[in-house]
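Student: One letter stands for each residue in the lines below.
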Amino acid sequence: AQRVTQPEKLLSVFKGAPVELKCNYSYSGSPELFWYVQYSRQRLQLLLRHISRESIKGFTADLNKGETSFHLKKPFAQEEDSAMYYCAFQGAQKLVFGQGTRLTINP
Amino acid sequence: DAGVTQSPTHLIKTRGQQVTLRCSPISGHKSVSWYQQVLGQGPQFIFQYYEKEERGRGNFPDRFSARQFPNYSSELNVNALLLGDSALYLCASSLIFSGRDHSPLHFGNGTRLTVT
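Going down the list, the sequences are from chains B and F. Just so you know, we're using this note's numbering here: the first sequence kicks off at 7 and counts up by one. Just so you know, we're using this note's numbering here: the second sequence kicks off at 72 and counts up by one.
Hints listed in this document are in silico derivations from the structure and should not be mistaken for laboratory results. Predicted model, so just to flag it, every value in this text is computed and none were measured. There's no promise every hint is true.
Partner residues aside, some chain F positions facing chain B, computed with beta carbon under 8 Å [stated by the list, open to error]:
no., residue
1, Gly113
2, Arg126
3, Asn130
4, Asn148
5, Ala151
6, Leu152
7, Ser157
8, Leu161
9, Phe178
Backbone N, C-alpha and C fix where the C-beta goes; we use that ideal spot for every residue, glycine too.
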């Protein structure tokens, strides 16, 4: 079955500390993976995609096919990173989302 | 900001009623997708339309239907509402039909449907 698992519903870290949001996927083909973010009172929006191999707002994510993971990382958390984060993969004609992780950055 | 617009923002219906939700995509976007987001869960795919044709359908009953108009706006209809249909319904538009070549989804603010 096609599935995305985000094991942590809630994650709280202090400002300046490293952040890692976990994502594991179950997909038989070659996945195309994404992280979407929703800041308070804003729309769900694309943060980054694995094929771009880019760093957005200091976040990076590496696809590990052996571990079927796509964890999101940032070395030094900032208060403005507090948001809801969703991992997703591109299935046929649709995105399959995980249930999300609410990240809170404490001052 | 001419983003994806959805109407209405909130809606309260009773069981058995029917509801129509509306979505206007970003200008130039030809693909519209609908997602259901139940509290505490990630968005779940309902439909995708491209060039007025259904291109994908999620695991939802036939009570759910949608269409896309010549101006690329879209409607989602849900008949015989159940309590379990209470959710945030998100519309997303993209430039092209996203197969392997992913065109990022641009989401609206959603319509919050409450069924009592």
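Student: Now look at each hint and say whether the structure bears it out.
Tutor: Cross-check of the supplied hints:
1. Satisfaction of the interface hint for F/Gly113 is found here, the shortest Cβ-Cβ separation to chain B being roughly 3 Å, below the 8 Å cut-off.
2. For F/Arg126, the interface hint holds, since its Cβ comes within 8 Å of a Cβ in chain B; the closest pair sits about 5 Å apart.
3. Below 8 Å, beta-carbon pairs count as interface contacts, and F/Asn130 has none with chain B, the closest being about 10 Å; its hint is therefore violated.
4. Hint status for F/Asn148: violated, given a least beta-carbon distance of 19 Å to chain B, over 8 Å.
5. Violation of the interface hint for F/Ala151 is found here, the shortest Cβ-Cβ separation to chain B being roughly 24 Å, above the 8 Å cut-off.
6. About 23 Å separates the beta-carbon of F/Leu152 from the nearest beta-carbon of chain B, more than 8 Å, and the hint is not met.
7. Interface restraint check: F/Ser157 against chain B, minimum CB-CB distance 17 Å, threshold 8 Å, status violated.
8. Using the Cβ-Cβ criterion of 8 Å, the hint placing F/Leu161 at the interface with chain B is satisfied: the shortest such distance is roughly 7 Å.
9. For F/Phe178, the interface hint holds, the least distance from its beta-carbon to any beta-carbon of chain B being 4 Å, beneath 8 Å.
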